[in-house]
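Place chains D, E and H on chain Y using the hints.
Number of protein chains: 4
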Amino acid sequence: MCGLFGIYGNKTSANITYLGLYALQHRGQESAGIVVSDEKEFKFHKGMGLVSDVFSQEKLNSLTGNIAIGHLRYSTTGASVIENAQPFVANFSSGQIAIAHNGNLTNTKFLREKLESDGSIFQTTMDSEIIIHLISKSKKNNLIEKIIDSLNQVRGAYSLLFLVKDKIIAVRDPNGFRPLWLGKLNDSIVFASETCAFDIIQAEAIRELEPGEIVVVDKSGLNSIKPFKKNKNSFCIFEHIYFARPDSNIFGGSVYFTRKQLGRNLAKEHPVDADIVLPIPDSGNYAALGFSEESKIPFEIGIIRNHYIGRTFIQPFQSSRELGVKLKLNPVKELLKGKKIVIVEDSIVRGTTSRLRVNTLRKAGAKEIHMRVSCPPIKFPCHYGIDFPTKEELVASNHSIEEIANLIGVDSLKYLSLEGLLDSMPVLGENFCTACFDGNYPVEIYD
Amino acid sequence: MCGLFGIYGNKTSANITYLGLYALQHRGQESAGIVVSDEKEFKFHKGMGLVSDVFSQEKLNSLTGNIAIGHLRYSTTGASVIENAQPFVANFSSGQIAIAHNGNLTNTKFLREKLESDGSIFQTTMDSEIIIHLISKSKKNNLIEKIIDSLNQVRGAYSLLFLVKDKIIAVRDPNGFRPLWLGKLNDSIVFASETCAFDIIQAEAIRELEPGEIVVVDKSGLNSIKPFKKNKNSFCIFEHIYFARPDSNIFGGSVYFTRKQLGRNLAKEHPVDADIVLPIPDSGNYAALGFSEESKIPFEIGIIRNHYIGRTFIQPFQSSRELGVKLKLNPVKELLKGKKIVIVEDSIVRGTTSRLRVNTLRKAGAKEIHMRVSCPPIKFPCHYGIDFPTKEELVASNHSIEEIANLIGVDSLKYLSLEGLLDSMPVLGENFCTACFDGNYPVEIYD
Amino acid sequence: MCGLFGIYGNKTSANITYLGLYALQHRGQESAGIVVSDEKEFKFHKGMGLVSDVFSQEKLNSLTGNIAIGHLRYSTTGASVIENAQPFVANFSSGQIAIAHNGNLTNTKFLREKLESDGSIFQTTMDSEIIIHLISKSKKNNLIEKIIDSLNQVRGAYSLLFLVKDKIIAVRDPNGFRPLWLGKLNDSIVFASETCAFDIIQAEAIRELEPGEIVVVDKSGLNSIKPFKKNKNSFCIFEHIYFARPDSNIFGGSVYFTRKQLGRNLAKEHPVDADIVLPIPDSGNYAALGFSEESKIPFEIGIIRNHYIGRTFIQPFQSSRELGVKLKLNPVKELLKGKKIVIVEDSIVRGTTSRLRVNTLRKAGAKEIHMRVSCPPIKFPCHYGIDFPTKEELVASNHSIEEIANLIGVDSLKYLSLEGLLDSMPVLGENFCTACFDGNYPVEIYD
Amino acid sequence: MCGLFGIYGNKTSANITYLGLYALQHRGQESAGIVVSDEKEFKFHKGMGLVSDVFSQEKLNSLTGNIAIGHLRYSTTGASVIENAQPFVANFSSGQIAIAHNGNLTNTKFLREKLESDGSIFQTTMDSEIIIHLISKSKKNNLIEKIIDSLNQVRGAYSLLFLVKDKIIAVRDPNGFRPLWLGKLNDSIVFASETCAFDIIQAEAIRELEPGEIVVVDKSGLNSIKPFKKNKNSFCIFEHIYFARPDSNIFGGSVYFTRKQLGRNLAKEHPVDADIVLPIPDSGNYAALGFSEESKIPFEIGIIRNHYIGRTFIQPFQSSRELGVKLKLNPVKELLKGKKIVIVEDSIVRGTTSRLRVNTLRKAGAKEIHMRVSCPPIKFPCHYGIDFPTKEELVASNHSIEEIANLIGVDSLKYLSLEGLLDSMPVLGENFCTACFDGNYPVEIYD
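Residue numbers (this note's numbering), protein chains in the order written: chain Y, 1 to 447; chain D, 1 to 447; chain E, 1 to 447; chain H, 1 to 447.
Hints are computed from structural coordinates only; laboratory data are not their basis. You may find that some hints are simply not true.
When chains are identical, the list treats them as one kind, so a pair holds in a single copy or across two.
Stated by the list, open to error - Within a straight-line C-alpha distance of at most 30 Å, the following computed DSS-like cross-link-like pairs (lysine-lysine) qualify:
| # | residue 1 | residue 2 |
| --- | --- | --- |
| 1 | K296 | K339 |
| 2 | K109 | K40 |
| 3 | K226 | K59 |
| 4 | K340 | K184 |
| 5 | K139 | K268 |
| 6 | K363 | K146 |
| 7 | K109 | K146 |
Okay, chain Y solo, but in the shape it has when bound:
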């Protein structure tokens, strides 16, 4: 996954982009980058790590210009190397261009081979470089047409921000897999993956880009076009379940409300006789709260996060995953001793982390441990940008729920149904991609 931010028409564009990326840090911790244009030329800086590690105030001050785009990269497939940090910047016949991309294309292998056989050279393994090559090779007359021409050749998921000398071009793919918002900060136009980035800079959220929409901002103002053939909407449902921040609105509604509703539906579908409901902080907080409200079982924040864990990966000790889990989360023993507890997880991927957590809770004295998961079993990999592992590693792909319960070591394990999931969403269920649960991939996988 990745995070995008852009701003047009602000003297402190690099500073504001830094703040926007800061609020979107959960969308990608591998690398961060900002490109600015002063309407003459680009300046940019990229680096590995968190946005706060990559940028110093001195560095930001050197990025002068009134148009900027920024990117956060998540450690997905592809080497974790500085060359792959975005935005990708290149020169072509029309001058400089930068691209920031959220999502995964599904026909990159085909396109890359075609381009290479035609004499193109590549410096990265990123989808984004392919898009720029296609633009550069397009015979269309102007940049927007070239972009449309290029995107007509790619398949898959893409929310994009392009920067050229004097404009930002924002694009959301025809299925709308990934979110992309348009906002306003005084006289400036802003773009961001989620609305929480607008809150931090006190910008006003105007609306999400529509699937298939292209928005161009330049001196002449804001122009929207919809040049692509209309597809079925395929919003990524996992953004609402886990990925997006709870204080964001995406795909038509509040993530916080969605998650509480997931918990309520889960309690309705799978009631349990227990003394307390425990969330796995912080991602499980909201569903657990909904579960508690619906079930009337008291809610206790009985697993304590180490506030400082985030600061560093304790590399030396990660060999022991159990220690890693313990460093992050420690249960309040007094609370658990002899109790029947329900823990609410947002999802189970490999199952290994859940097993370690359950083991810790058991050692802390819990008498019965019931796990409730606020989505259905994840059985299929994602080809549109979520970093799930292969089917072999997805525990629900090869095990029955009962087997998983045994593996994890819980007294009972229940998943929310697909109906219960879709019912919790802010818009009709048919708008969402649920491929990770049911294997129905809305866009063909060519590679």
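Only chains D, E and H this time, still in chain Y's reference frame:
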């Protein structure tokens, strides 16, 4: 404030001390240090910053030895310089000695002037150096007697860990201001400021040191002596209100339970007509939960923490404190719009942060904002180790509660009473120091 | 300018390349890079600064493979950014390719515009990227043919090392502007810009590549081809005057001997009545020695280099260039007091440094200062790789020798004649490019 | 060895001290430190490494004050740790004091044990800390008397700079082992180990402190006292042979002239039939020049220094000392082939480096290699500050000259006689300590 950890009799003593300090990181973020002894000589490393920044695995590997003590320093009075990082290590006639200190002495000025007039030289501004000088100058026959002789001359708050070639000596002052625990990890003896440090290394908590107790661990085993005149107990009540981790037990009971009880008592004392209860995460979580349970007003985790904020101080932007608050905590607007809300704070010191938070909630659409504080107004500075500012800066020292409510911008503001506070504690209220609320300082302030 | 090193067939190829670059450090201090191939794929590392700053032993150990090429970049035209560090690495239809380039092309603008209009995108401002694009676009059947096809389109100066999966291809342009040597280290084949890089690794220097020669090394051994139309030789005479190390052989002879002969010829052409001959260390040492031998005026190493100056640029103080000069070189006052001195400079570019040095010598007490320069006045910029400034900044381009003497503040100033210069060279003068002195550019400047 | 610099009465005292230390860098590369006083309090910074690595302009700017002292530490005995970096700074009854020390005391063990038994604690293993303890314990009435009282108790070699709030106190021990100069920079008073530090800041050298002299500089001006019993002078002769910079004056004369005279005397004592004289650059340059002038054998700078070697210790490769030597110095093969050469070394300590160099010259083709050493055989360790190894490691302590010649691999080896050495000095030979050659230690070694 500061954090202490020690271990006797373990080949990986530096690694375990690192983990112990990691769990105690909330007690001090300014500097970290570890000293180990292989029963022949010391090796040590200290640095500014978090324990995870100061120590690499390589550095830990170089600290070979089976006895270790570690220290975390909080940015209190005294220059924030590497010289003041602890443990303080020195040579004297009996060989090497290291000291780690939690608490503040109240007659340092007197002692230092006396020592200097007698020809002593000082390299730091720390209390701890004074204690070592007194030990070195003592005419007593052995180290333990020298330590007792030295501590008989100091006044104030001190939990101490001494390391010499072949032993650890742990001390808690006669009033017991600061916590200090004794535990067991297989065949090793461990010490820590809070029990959460034992959880992380899967050690067993045996008991708290008693006020005035000295515990010596060496080849001959564990010996306890109580050489000091018995004082009244003066446990720091603010440890339970705010400072300690909720998953720790200190001063006779679970911090988590205490904080929930504070919230219940607060709800009983100061009921309010509201739609939702909001904690200030994470420190206000537990009292808010208690408040919600008692008042039946729904609990909502509607202020979202940025998980990555901890990683870096956003120095460049701290001029704008408002931005700083916003970067850390962002409210869920949809939840607040048009609502009457209660926010539960653990304490108000200067009032500035509360004002900014309230302002943010107001902008997010809250109709009424009622603040409930889970302790009485803080009117007096602490001389025993908590880093409160001077009376001039303590808002409750110069303003009525009504004035504070106006400053902060809330519709109502209520504090928990001293009785309600003491009633929530795990042991009788008379065992606690409440000087910050009532000005009754249990140990004289000489400086 | 730049430095090249390559090795084929050695398990420690990265380590040896590091050492080779170390010996060539004088050819480029801006950036350093090494690419290795294990005959399957590349690993590489590049960074700003000296080779010893860019590479740690750990980094070198990670560069496993038995074929390697390395590059040092001098701060010439083009931004000093990490993107421009070489070797340039790219993927194209035939796999991975890396290029290291010493020299400047003279038709890059034309080629780049052509490539861009044809849809190519560029990520750097380096000549080298153009060459790779041309190779990738070539319709020829194999890599060597593609390389020849590509180089037939470029004009200017280039010594090149290409690395592909299983071979190194070394090229020297038809005019032979820049040096490039072939050597042998046990069973490995090595390439380097100068022979001093062979000495450090105890390799044997076999021969210089001939102008227009391509040498391919792979499993089948060493193959040489000469596919280009024969041009007149145009060896860079400034390599012998200043750039190359005195312990290297290039263009047919020892640089040390050449420089001593320059000094002898200078003494013959421009005798002077003086007490001592002083070199500007270390570059002026050899000509000064020759001057002293011919003139019988005693040689004194009376200007002392600070051995540590190289370690860091004293940025803070560089505003004061005078201080910069003083930090580097300090005269022995006792030696100069009341003396008539001759100082031998290798060349004068802007004249500013000479002026400062003369001023320092004057303050140290010298009675008369005569400057002798071991080459003719530099009047024309170099388009083939030496980083001279524009004509406006070349002092000899706009001033008579008398005016320069006044600017610099010497009692007399004499330059070696072009005849005296050519006479000192190890091969016939007609083999050299002397464009910086006479403006006769042997290859057309298209850009 | 160590380097000292101090300045009184200059607003940019830290900057000037930085430059002074820069010029003295050859006297110590292990650590660097600067302490400044603004006549109220101290600010200081110390670090491991070169002065240019330890100090940034930002760091220097933070060191505001008009009085400063600085120190460079050489890696001698005692751990190479930051705690041992100087100046040593402490507080005592009269306020803050800092000390910078060049030389070694010879009764530290005795003094330290006495102080510890009296209750003093130590934080370093430096002589300097002992001096400060003695000052702090002195019962004398004022600081100067306390310093005299303290120094009356120490034995050995010391040039010292003390800094207190409002003054600098400079001291040279009664034997005058180490140099210490007094100078003037406009209205400021400066101190430095060597005059080359004055040149860099364009200060005027006034005079060397006399052995046993104390100079105090404060608001009242400059005061000199000579409170110690007069001893015989014992100037360190090795400063002239090797340690000091050739552009410095110390112990009454120019180091450059001394070294040339050493070479002349060497040529007179030990003539040789040879084709060329080669110096080991740069330290052997001056004696080799003198040797050439006297012997009429041509001087050739035929061993080339890598200018960049200084920047980093090539740790990874130091296992191979031969490589280390080669990286630093490379001979010009063309010059040596078939020649009879004389190489002039300043001194032979262990003999290992000489052996490697000779081996390199032999491989480069030299027919005969004759080594001439510009001092007598070093047979005895130094207890006054030069970092010679023990007798076991001093090759001349256990081997005849013939044996050394064999070990090193030269065709002949000759040392300058003690008479020839003393004859070259700028003042009468009886003023020098020659203990390393003859074992006559002028001050008793107590430890």
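Here is how each hint holds up against the structure:
no., hint, in the structure
1, K296 <-> K339, "both (16 Å within a copy, 23 Å between copies)"
2, K109 <-> K40, "between (35 Å within a copy, 20 Å between copies)"
3, K226 <-> K59, "neither (37 Å within a copy, 49 Å between copies)"
4, K340 <-> K184, "between (49 Å within a copy, 29 Å between copies)"
5, K139 <-> K268, "neither (58 Å within a copy, 67 Å between copies)"
6, K363 <-> K146, "neither (61 Å within a copy, 43 Å between copies)"
7, K109 <-> K146, "both (21 Å within a copy, 24 Å between copies)"
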